[in-house]
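J.: Whenever a hint applies, use it, and build me the whole structure from the sequences.
Counting in the UniProt record's numbering, the final residue of the sequence shown is number 258, and the numbers go up one at a time with none missing.
There may be inaccurate statements among the hints.
[Unchecked claim] Computed beta-carbon distance windows for the label pairs:
#1 Asp-166 / Gly-234: 56 to 64 Å
#2 Arg-180 / Ala-155: 34 to 42 Å
#3 Ser-246 / Glu-204: 23 to 31 Å
#4 Glu-179 / Glu-144: 46 to 54 Å
#5 Val-153 / Arg-255: 43 to 51 Å
#6 Ala-235 / Glu-179: 36 to 44 Å
#7 Leu-193 / Ala-243: 14 to 22 Å
#8 Ala-128 / Ile-165: 50 to 58 Å
#9 Ala-188 / Ala-243: 25 to 33 Å
#10 Ile-165 / Arg-252: 33 to 41 Å
Derived from the structure by calculation, the hints contain no laboratory data.
Quick reminder that beta carbons are idealized off the backbone N, C-alpha and C, glycines included.
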Amino acid sequence: MSAVLALRALMLGGGLLLGVKGLGMAGAWGGAAGSLGGSPAQAAAPANAMPGRVMPAGDAPAGPPPRLLPVRAAQAAAPMAAGTMDPPPALSPRRAAPEPPAPHQPAGRAPAAAPAEPPPAAAPSDEALARALRARRLQLDEREQAMATREAVLAAAEKRLQARIDSLSTLQARIEASERATQEREAAHWGSLARLYETMRPREAAMIFNELELPILAQIVNRMREQKAAPVFGAMDPERVRALTSELARMRAARPAL
1 MSAVLALRAL
11 MLGGGLLLGV
21 KGLGMAGAWG
31 GAAGSLGGSP
41 AQAAAPANAM
51 PGRVMPAGDA
61 PAGPPPRLLP
71 VRAAQAAAPM
81 AAGTMDPPPA
91 LSPRRAAPEP
101 PAPHQPAGRA
111 PAAAPAEPPP
121 AAAPSDEALA
131 RALRARRLQL
141 DEREQAMATR
151 EAVLAAAEKR
161 LQARIDSLST
171 LQARIEASER
181 ATQEREAAHW
191 GSLARLYETM
201 RPREAAMIFN
211 ELELPILAQI
221 VNRMREQKAA
231 PVFGAMDPER
241 VRALTSELAR
251 MRAARPAL
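T.: Shown next as C-alpha cells:
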C-alpha cells in the first residue's frame, strides 16, 4: 500500500513539474509573438501548438499542431494522486485475451435455424378409422354368429325336450287308458259273477261261498245286491260269514266304491 502511495506521489510531482514548465514556455512564446508583431497567419495559429517553440513567420505548420500532452497528463494524474479517482482496473488474462473471431459464413446464406419442435401427434386418418370400424364390425358379427349358434343349439335342445315330454305324455295317456280298460274288464268280470250267483238258489250259493277263497268271495259279494246276498249269508257257516264281513270292511275302507 505504501509503495502505491509513493508511486502516486512521484507521478503527481512529475506531472506538476511538467505542467509548470509547459506554462512558462507558453508565456514566453506569447511574449515573443507580441514583440515581433507576428503576421496574421501566426496569430491564427492554433492555441494548442507546442509551447516554447517559435516558428518562423514564413513557415506554416505542415500538419496539426502538437497537443499539450504534459499538461493533460498532469491534470489526469492530479486526481489519481489525491486519491479521489480509482486507478483503472487491471485486466484479467481471460478478459484481456482477444475474443476468437466468429466463424466465417458465406455471403448471402442465412444462419442455420434452430431445430423446430416436433409437430403434435396427428389425429388418426380416415383409413385408420375405417380399419378400426371394420375390425369392430367383424367382432360384432362373430359375436352375433356365436349367439345365433347358441340360440340354435338351445332351440334344438328345447325341441328335443318338448318331443320327449310329448312322448311321455302320450305314453302316460296310453297307460291310463290301459288301466281304465283293465279296471273296466275286471269290473265287468266280477259283475258277471255276481249276477250269476244272484240267480242261484241261496243254499246252493252258500255251499259254494263256504269253499271259495276269501279275497275272491269278497269281490263277488261286494258286487251283489243286498236283497240277493242276505239269504246266501243266512245259509253260510257263521265263522265264514264273520271272516267275509271283516274282509269286506277292509276292502271298502281302502277303496270305497267299486
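J.: Decide, hint by hint, whether the structure agrees.
T.: Consistency of the hints with the structure:
no.: 1; hint: Asp-166 / Gly-234: 56 to 64 Å; result: holds, 58 Å
no.: 2; hint: Arg-180 / Ala-155: 34 to 42 Å; result: holds, 37 Å
no.: 3; hint: Ser-246 / Glu-204: 23 to 31 Å; result: holds, 24 Å
no.: 4; hint: Glu-179 / Glu-144: 46 to 54 Å; result: holds, 52 Å
no.: 5; hint: Val-153 / Arg-255: 43 to 51 Å; result: holds, 49 Å
no.: 6; hint: Ala-235 / Glu-179: 36 to 44 Å; result: holds, 37 Å
no.: 7; hint: Leu-193 / Ala-243: 14 to 22 Å; result: holds, 19 Å
no.: 8; hint: Ala-128 / Ile-165: 50 to 58 Å; result: holds, 55 Å
no.: 9; hint: Ala-188 / Ala-243: 25 to 33 Å; result: holds, 27 Å
no.: 10; hint: Ile-165 / Arg-252: 33 to 41 Å; result: holds, 38 Å
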